[in-house]
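Quick mapping for you: the protein sequence lines, in order, are chains H and Z.
Using full-length UniProt numbering, read the first sequence as starting at 1 and increasing by one per residue.
Using full-length UniProt numbering, read the second sequence as starting at 1 and increasing by one per residue.
Quick caveat, the hints were computed from the structure, so don't treat them as lab data.
Take these hints with a grain of salt, some might be off.
[Stated by the list, open to error] Capping the alpha-carbon separation at 20 Å, the derived lysine to any residue pairs in SDA-like fashion look like this:
| id | chain 1 | residue 1 | chain 2 | residue 2 |
| --- | --- | --- | --- | --- |
| 1 | H | LYS113 | Z | GLY316 |
| 2 | H | LYS240 | H | GLU339 |
| 3 | Z | LYS48 | Z | ARG85 |
| 4 | H | LYS20 | Z | PRO328 |
Protein chains: 2
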Amino acid sequence: METLRIALLGAGTVGSGFVKLLDEHRGRFRALGLEPALTGILVRDPRKPRPGWVPEGLLTTDVGRVFEEVDVVVELMGGTERAGRLVLDALGQGLPVITANKALLAERWEELKPHAMEGLLYYEASVMAGTPVIEPLSGVLRGNRTLELHGILNGSTNYVIGRMEDGLGFAEALAEAQAKGFVEEDPFLDVGGIDAAHKLTVLARLAVDPDFSWEEVRAATRGIQELTREQIFEAEAEGKRIRLVASLVPNGGRWKASVRPVKLLADHPLAQAAQARNALLYRGDAVGEVLISGGGAGSAVTASAVVGDLLRMLEGYPGHPPLPEPVPVPDYEPEILEEA
Amino acid sequence: METLRIALLGAGTVGSGFVKLLDEHRGRFRALGLEPALTGILVRDPRKPRPGWVPEGLLTTDVGRVFEEVDVVVELMGGTERAGRLVLDALGQGLPVITANKALLAERWEELKPHAMEGLLYYEASVMAGTPVIEPLSGVLRGNRTLELHGILNGSTNYVIGRMEDGLGFAEALAEAQAKGFVEEDPFLDVGGIDAAHKLTVLARLAVDPDFSWEEVRAATRGIQELTREQIFEAEAEGKRIRLVASLVPNGGRWKASVRPVKLLADHPLAQAAQARNALLYRGDAVGEVLISGGGAGSAVTASAVVGDLLRMLEGYPGHPPLPEPVPVPDYEPEILEEA
Chain H
1 METLRIALLG AGTVGSGFVK LLDEHRGRFR ALGLEPALTG ILVRDPRKPR PGWVPEGLLT
61 TDVGRVFEEV DVVVELMGGT ERAGRLVLDA LGQGLPVITA NKALLAERWE ELKPHAMEGL
121 LYYEASVMAG TPVIEPLSGV LRGNRTLELH GILNGSTNYV IGRMEDGLGF AEALAEAQAK
181 GFVEEDPFLD VGGIDAAHKL TVLARLAVDP DFSWEEVRAA TRGIQELTRE QIFEAEAEGK
241 RIRLVASLVP NGGRWKASVR PVKLLADHPL AQAAQARNAL LYRGDAVGEV LISGGGAGSA
301 VTASAVVGDL LRMLEGYPGH PPLPEPVPVP DYEPEILEEA
Chain Z
1 METLRIALLG AGTVGSGFVK LLDEHRGRFR ALGLEPALTG ILVRDPRKPR PGWVPEGLLT
61 TDVGRVFEEV DVVVELMGGT ERAGRLVLDA LGQGLPVITA NKALLAERWE ELKPHAMEGL
121 LYYEASVMAG TPVIEPLSGV LRGNRTLELH GILNGSTNYV IGRMEDGLGF AEALAEAQAK
181 GFVEEDPFLD VGGIDAAHKL TVLARLAVDP DFSWEEVRAA TRGIQELTRE QIFEAEAEGK
241 RIRLVASLVP NGGRWKASVR PVKLLADHPL AQAAQARNAL LYRGDAVGEV LISGGGAGSA
301 VTASAVVGDL LRMLEGYPGH PPLPEPVPVP DYEPEILEEA
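All chains should be modelled from the sequences, with the hints used to inform the complete structure.
This is the structure:
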């Protein structure tokens with residue numbers, strides 16, 4: 001049986017989840033005639049405590065060792081600098097890369113895009129983790145002209161708002177989320193809306209314009225830091241719930257992206273997404289309204305998308321290409337969500 | 001610019017919707033360097049009245065003419081006999097086939113499967129129309145071991161039940177659905193649960209076993225013909241809604257499929273699917289619970305999936321392969337839905 005040589009970059013929550021899931025799914029790879037084998041796991045500190053199933057002997061700080069004789073690179077280290085250098089280096093060598101890194105995709109797209117167009121870049125895990133959205137947007141939904149999309153794309157914010165609904169203030173709710181490991185090291189990435197903005201940028205390039213600008217989305221992003229308990233109770237009294245929503249809508253002949261807290265009627269499809277759940281509401285001219293909801297973060301939830309991408313790659317599917325060209329902006333009145 | 005020669009089989013609701021959408025999306029094909037052209041449209045009766053955009057000059061009863069010099073076959077005629085002969089003939093010649101025909105997929109799988117494994121068969125449109133389920137199940141969700149799935153896969157039944165909730169009896173509600181063209185010519189296909197059973201069979205082969213038996217699903221199918229208004233009102237009094245649900249669950253070390261009316265609590269994720277909307281609730285060991293809902297029938301809704309498949313094919317994606325081998329049946333207690 002042939003060996004599939006996988007270089008893994010990063011062994012944090014998602015990276016170690018991937019090591020475990022890869023092992024559990026060994027039979028699936030064998031059914032395709034391949035024995036998966038990690039060539040090495042690139043980490044910053046090999047001595048950091050990790051789950052027992054992560055093979056210590058493979059941990060290394062030596063990039064050269066990880067990249068030697070490899071068939072595919074799985075990037076789960078995060079960040080845009082070092083991860084960007086490594087991913088671009090691998091792609092430049094013609095290696096396929098599977099990544100969950102939305103920051104990298106959003107912010108360094110100009111360098112990545114040519115490789116994505118060649119089909120080398122797989123990134124289902126980057127938005128809503130293992131809940132399918134990248135594949136549908138780069139596939140079946142292309143039979144539509146996109147009219148608008150709205151998403152709850154950040155589970156941590158959802159959790160914080162949920163705890164504020166339970167009566168905590170913002171600071172308390174955030175501290176709790178931090179203690180539980182539900183937010184990034186830099187909590188501003190979550191509560192400042194940056195993570196949702198990264199993800200919206202990735203979706204926009206699949207749905208409406210292959211060159212959608214990160215800076216534009218960034219400039220239209222407002223987080224939940226200013227939210228008060230009082231606002232949340234007032235919304236509740238009106239039968240509404242506050243959620244951080246990322247939207248892409250036609251506006252005056254242009255596509256307009258935004259990330260901001262909005263008040264949703266409690267029976268709005270997006271309002272159903274509670275706790276760590278994410279949701280995407282897509283409207284297309286042919287299909288009408290599609291709602292996809294599920295987990296959007298976490299070790300196994302995210303790793304499942306990486307394994308899914310890996311299996312697809314082995315079955316001969318190219319990665320996720322952006323749209324070949326921008327979609328005309330429709331003459332369409334989008335749903336207006338009430339800003340909170 | 002190269003021409004993409006498409007043979008279309010059938011010009012009913014979905015077929016004529018495809019002709020229209022193909023024309024509207026001409027720019028997308030040109031962006032890929034291809035000019036789409038129908039070589040012919042196979043129909044039973046060329047003189048039947050059809051929408052104005054269906055080019056009369058292409059309508060023919062001559063199979064030979066349609067199949068002469070063609071790059072891809074789009075089968076939207078339905079049925080298992082003639083459609084089966086034509087589809088298998090095309091596949092046998094090595095031609096890719098895009099189809100929305102769940103009856104054909106369910107009932108003649110033994111003949112179709114080898115071609116599906118070669119990547120020649122695209123069938124996103126066959127289940128839940130343009131709402132993405134085939135692609136997710138044959139892609140990202142394969143990073144899971146499937147635990148169970150439950151779906152509302154037939155919109156006509158949903159409509160009939162909805163009208164019964166409004167106070168009509170079964171016969172009246174069905175007559176109204178027939179008058180509106182919401183049910184198949186043979187209404188038993190819808191209200192007898194056969195259509196939902198066909199779709200469940202297609203899903204089961206993607207999610208748990210490539211050889212899942214149609215006969216087994218057929219034998220475990222019960223429709224809504226016996227439902228009374230009284231049952232519906234009783235369910236409502238208990239805060240429940242009756243829906244025709246297709247389920248696939250582990251049961252005593254085997255996968256058990258069934259289609260039957262069940263009582264769902266009004267806040268159950270599947271109960272939200274009203275009118276013609278369909279929904280799929282998927283549970284996987286890694287991703288947890290995923291819900292996908294949207295339109296499941298109709299001209300443009302279905303045609304959008306056909307155009308999506310066509311674009312994917314042109315971008316080099318193989319069709320939708322079944323699982324390479326059966327998934328072990330998990331030791332897992334599935335959700336028990338209360339039969340109505």
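| task | Please work out if H/LYS20 and Z/PRO328 have their alpha carbons no farther apart than 20 Å. | result | 18 Å, holds
| Is H/LYS240 within 20 Å of H/GLU339, Cα to Cα? | Status holds; Cα separation ~12 Å.
| task | Below or equal to 20 Å on CA atoms is what counts here, so check Z/LYS48 against Z/ARG85. | result | Distance ~24 Å between Z/LYS48 and Z/ARG85 Cα, so the pair is violated.
| said: Check the hint pairing H/LYS113 with Z/GLY316 against an upper bound of 20 Å on the C-alpha distance. | reply: 18 Å, holds
Checked against the numbered hints listed earlier, the structure breaks hint 3 alone; every other hint is satisfied.
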